[in-house]
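Chemist: If you want the building blocks of each chain, they are given just below.
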Amino acid sequence: MLVDNEQILEALWETIYMTGVAFLFSVIIGFILGLLLVVTRKGHLLENEPVSKVLNAIINIFRSVPFIILMVAIIPLTRIIVGTSIGTAAAIVPLVFYAGPYIARLIENSLLEVDKGVIEAAQAMGASPFQIVFRFLIPEALSSLVLALTIAIVGLIGASAMAGAIGGGGLGDLAITYGYQRFDTLVMVVTVAILVVLVQGVQSGGNLLSRRVRRR
Amino acid sequence: MIQFEGVTKTYQSGKQEIHALNGIDLTVETGEIFGVIGFSGAGKSSLIRTVNLLERPSSGHVRIDGKDISTLSAKEIRKTRKDIGMIFQHFNLLNSKTVFHNVAMPLILANTPKNKIKEQVKELLDFVGLSDQATKYPDQLSGGQKQRIGIARALATNPSVLLCDEATSALDPQTTQAILELLRRINREYNITILLITHEMGVIREICDKVAVLEAGKVIEQGTVFEVFTNPQQPTTQRFVRSVMNDELPESLLKQIQNPSRKNSIYRIQFTGTSVGQPLMSRISRKYQLDLNVLFGNITELQGAPYGNLIVEFTGPAEEIKKALADIREGNVHVEEVLNYAS
Chain A
1 MLVDNEQILE ALWETIYMTG VAFLFSVIIG FILGLLLVVT RKGHLLENEP
51 VSKVLNAIIN IFRSVPFIIL MVAIIPLTRI IVGTSIGTAA AIVPLVFYAG
101 PYIARLIENS LLEVDKGVIE AAQAMGASPF QIVFRFLIPE ALSSLVLALT
151 IAIVGLIGAS AMAGAIGGGG LGDLAITYGY QRFDTLVMVV TVAILVVLVQ
201 GVQSGGNLLS RRVRRR
Chain B
1 MIQFEGVTKT YQSGKQEIHA LNGIDLTVET GEIFGVIGFS GAGKSSLIRT
51 VNLLERPSSG HVRIDGKDIS TLSAKEIRKT RKDIGMIFQH FNLLNSKTVF
101 HNVAMPLILA NTPKNKIKEQ VKELLDFVGL SDQATKYPDQ LSGGQKQRIG
151 IARALATNPS VLLCDEATSA LDPQTTQAIL ELLRRINREY NITILLITHE
201 MGVIREICDK VAVLEAGKVI EQGTVFEVFT NPQQPTTQRF VRSVMNDELP
251 ESLLKQIQNP SRKNSIYRIQ FTGTSVGQPL MSRISRKYQL DLNVLFGNIT
301 ELQGAPYGNL IVEFTGPAEE IKKALADIRE GNVHVEEVLN YAS
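Taken in order, these protein sequences are the chains called A and B. Here the first sequence stands for residues 1 to 216, where the numbers follow full-length UniProt numbering. Here the second sequence stands for residues 1 to 343, where the numbers follow full-length UniProt numbering.
The hints are simulated quantities; they were obtained by calculation from the structure and are not laboratory data. All residues carry an ideal CB built from backbone N, CA and C; glycine is no exception. Heads up, some of the hints might be wrong.
What the hints assert, rightly or not - The list that follows gives simulated cross-link-like pairs (lysine-lysine, DSS-like), each with its CA atoms no further than 27 Å apart:
no. : chain 1 : residue 1 : chain 2 : residue 2
1   : A       : LYS116    : B       : LYS15
2   : B       : LYS287    : A       : LYS42
3   : B       : LYS97     : A       : LYS116
4   : B       : LYS15     : A       : LYS42
5   : A       : LYS116    : B       : LYS79
6   : A       : LYS116    : B       : LYS75
7   : A       : LYS116    : B       : LYS82
8   : B       : LYS97     : B       : LYS114
9   : B       : LYS218    : B       : LYS15
10  : B       : LYS114    : B       : LYS136
11  : A       : LYS116    : B       : LYS136
12  : B       : LYS75     : B       : LYS114
13  : A       : LYS42     : B       : LYS82
14  : B       : LYS67     : B       : LYS218
15  : B       : LYS122    : B       : LYS82
16  : A       : LYS53     : A       : LYS116
17  : B       : LYS97     : B       : LYS79
18  : B       : LYS287    : B       : LYS255
19  : B       : LYS82     : B       : LYS116
20  : B       : LYS82     : B       : LYS118
21  : B       : LYS322    : B       : LYS255
22  : A       : LYS53     : B       : LYS322
23  : B       : LYS67     : B       : LYS79
24  : A       : LYS53     : A       : LYS42
25  : B       : LYS15     : B       : LYS82
26  : B       : LYS122    : B       : LYS97
27  : A       : LYS42     : B       : LYS79
28  : B       : LYS97     : B       : LYS118
29  : B       : LYS97     : B       : LYS67
Unchecked claim - Computed, partial: chain B to chain A, Cβ under 7 Å:
no. : residue
30  : ILE48
31  : ARG78
32  : ARG81
33  : LYS82
34  : MET86
35  : SER96
36  : PRO106
37  : LEU109
38  : ASN111
39  : THR112
So that you can see chain B by itself, here it is in the shape it has in the complex:
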């Protein structure tokens, strides 16, 4: 478990004080994948670095499994760091060393016997799917392969926490998917807690259990990925959510339907979980004798659960529409009004 308690970080830049972190309170539970998202300059990078003290908080506490790490001596910090793996946006591999040597590095630093290093590195390279590349050098590998080496290296000391600093931001979408899958496997198979920072909402949607949105050094919103994606509160969060889940009516369509003479009402209907599987639309249409016209919509998967978002035009008597909406709401489906010219 990683706990941030009132963590602040202030830099001195010339005469100006820069507040990178402005009182962060967060809890990352053991075994979960926790994502922190924010635009550049939001303080993500400082935040993740306070966990292994690559940056020291100006005030506040960071606790790992209850232990306040800012009170540790230099030697104890080094020991703690061996229990916290970290991977980076630009991989940060040694270009002068082979893949084998790069992965072996944390073990060499810990004075592990040579035959044991060999064994462990082989295992790690197998795990990341690069056992045939051991004698190559990083500059002979693709970005995705380099990140796999970075991951193998980070896992060499059997850490309980893995920090991912924009680990997929330098990769193409396909490679990103593959790396994210690998991270999920690490999380599940080894029960390693993952704290990742990113500016890509797709990464959060793909693998995170929980998410915190960072802006100007503050957590402006946090919750489970499902909660935050289906019901974002802050404008910044809404922007991020919209970047991967387009649920806004297209402008052209909006113009077309903004017409009082159509006598219609338009609602946004959000299905979650099991409600996706039900033939709701046709049932409502038959039962209340209404014309339902799906204007726009999408159904995606969030944390393994389906999530649907439809914008539906209801045409018919206002009384019946009202009844129909009440009926829909009963089935654990969220409905909100977009436009109403019927009443």
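For reference, chain A alone in the conformation it holds in the complex:
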């Protein structure tokens, strides 16, 4: 094997770091966008057609750009935000731009699953839009939201593999540079195995948490 354990551990840490930080920011962005997508819909709490249309268009644009292209395309922006266009920190910016709109759609889906009748009952009780969102909509969707965010983390882990293209490091980068370009099959197998375990762990954790929050 062309790499030692330390390198693998470092790559693992880079993957977790990139995914974790990117996830944090994309959840914040995705949550706000997803919530807005839902409440500005026709017939919903704060129906607003222009806002809804613009949001949908922006999200669709970001969602349609392949990650590898997005990463290169926003390099100037990345430079403004983190001061450099290479390295792990630089990889986080495109990851957020990629996962934010994605999470917005996932959250939109989860929130739309909440029975309209529950919202109607909330309105009939005299709840304000803010109360409806935080006392009814989100608690009712929580279990489904957790599963949606689990999907997002798995997606982010996958996307972070491409961060190597701008020197972001991580397990994906290791697999490409050593496993693929230098024909070290063992590195390839080991990194993929670690990724499999990582994804399994995230998914199991997500499932467990989702069951836990179904009833509170």
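Starting from the structure of chain A, add chain B where the hints point.
Modeler: Okay, now just chain B, sitting in the frame of chain A:
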């Protein structure tokens, strides 16, 4: 008191305009149970939702205790809604929360202190008979229990009006009875005005004081339940009444008696209130020497008063039958001819 004045509701569905409500004028008096019945698509659901502005009327006014609610600000609307409880066909409970939390919800929204919430929820659960289910979740309960939770939740803010949106339509007949009894208790014990919509005439017969029949967004008939059930005018109303009070002659019987050679006359006799208690048939039979044969009939209770409907075959001299009928009519009993071959 809830007053509807020329209330209309028009939806835009693609290029088509749908008139859900077509000028509704109705008055629901304080403390009564008012039922609105109609087939699906008649506009019932839109009508009941204009009362708490879940739907805004396209034109016209809805007044609650004289106050036009369509002029209120968003904040005032929320305040008004707290005085109007609502229960739903599919209960609309929070599945992620316990029974306790569901009932407490309106109080939590109003920032009621925790110890007061506890006290009040306990009282409400006692009232609906579910105090032992407080820690359960809605999906562990039966339909009837869920509706009781819905009712407890609706009563949490001490409303003066309760709106029931097909509240028993998803329940079996026995559970329906129990829920209707609970609604009647709420009406009597707390003097809460109840406006309910339903497509089941049985619900109207069971608990309503007044009824309005809705068709194509219009009130086609209204009155006290007694009036409407004993003397329905519109074909739709007659269909609804017939669905719970079968007063038509069975086909087979009709064929058998449609025979001029029998020299008989058949009349429908409707007894109401006190006239039910009198031995009318035997008295008439003796007095006029007529043979009376009850072909079909039923006696039911309407709003606590008995109501009888008999189809009777009179056999005897036409002159005597005439006299007998005049006699019957004097006793506050409604008589109408069904068939006549005697004269």
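Chemist: Run every hint past the structure and note whether it holds.
Modeler: Against the structure, the hints come out as follows:
no.: 1; hint: A:LYS116 to B:LYS15; verdict: 25 Å, holds
no.: 2; hint: B:LYS287 to A:LYS42; verdict: 74 Å, violated
no.: 3; hint: B:LYS97 to A:LYS116; verdict: 17 Å, holds
no.: 4; hint: B:LYS15 to A:LYS42; verdict: 17 Å, holds
no.: 5; hint: A:LYS116 to B:LYS79; verdict: 22 Å, holds
no.: 6; hint: A:LYS116 to B:LYS75; verdict: 22 Å, holds
no.: 7; hint: A:LYS116 to B:LYS82; verdict: 20 Å, holds
no.: 8; hint: B:LYS97 to B:LYS114; verdict: 17 Å, holds
no.: 9; hint: B:LYS218 to B:LYS15; verdict: 23 Å, holds
no.: 10; hint: B:LYS114 to B:LYS136; verdict: 20 Å, holds
no.: 11; hint: A:LYS116 to B:LYS136; verdict: 23 Å, holds
no.: 12; hint: B:LYS75 to B:LYS114; verdict: 24 Å, holds
no.: 13; hint: A:LYS42 to B:LYS82; verdict: 25 Å, holds
no.: 14; hint: B:LYS67 to B:LYS218; verdict: 23 Å, holds
no.: 15; hint: B:LYS122 to B:LYS82; verdict: 20 Å, holds
no.: 16; hint: A:LYS53 to A:LYS116; verdict: 22 Å, holds
no.: 17; hint: B:LYS97 to B:LYS79; verdict: 24 Å, holds
no.: 18; hint: B:LYS287 to B:LYS255; verdict: 30 Å, violated
no.: 19; hint: B:LYS82 to B:LYS116; verdict: 17 Å, holds
no.: 20; hint: B:LYS82 to B:LYS118; verdict: 19 Å, holds
no.: 21; hint: B:LYS322 to B:LYS255; verdict: 25 Å, holds
no.: 22; hint: A:LYS53 to B:LYS322; verdict: 78 Å, violated
no.: 23; hint: B:LYS67 to B:LYS79; verdict: 13 Å, holds
no.: 24; hint: A:LYS53 to A:LYS42; verdict: 11 Å, holds
no.: 25; hint: B:LYS15 to B:LYS82; verdict: 37 Å, violated
no.: 26; hint: B:LYS122 to B:LYS97; verdict: 16 Å, holds
no.: 27; hint: A:LYS42 to B:LYS79; verdict: 25 Å, holds
no.: 28; hint: B:LYS97 to B:LYS118; verdict: 15 Å, holds
no.: 29; hint: B:LYS97 to B:LYS67; verdict: 35 Å, violated
no.: 30; hint: ILE48; verdict: 10 Å, violated
no.: 31; hint: ARG78; verdict: 4 Å, holds
no.: 32; hint: ARG81; verdict: 4 Å, holds
no.: 33; hint: LYS82; verdict: 4 Å, holds
no.: 34; hint: MET86; verdict: 4 Å, holds
no.: 35; hint: SER96; verdict: 5 Å, holds
no.: 36; hint: PRO106; verdict: 5 Å, holds
no.: 37; hint: LEU109; verdict: 5 Å, holds
no.: 38; hint: ASN111; verdict: 10 Å, violated
no.: 39; hint: THR112; verdict: 13 Å, violated
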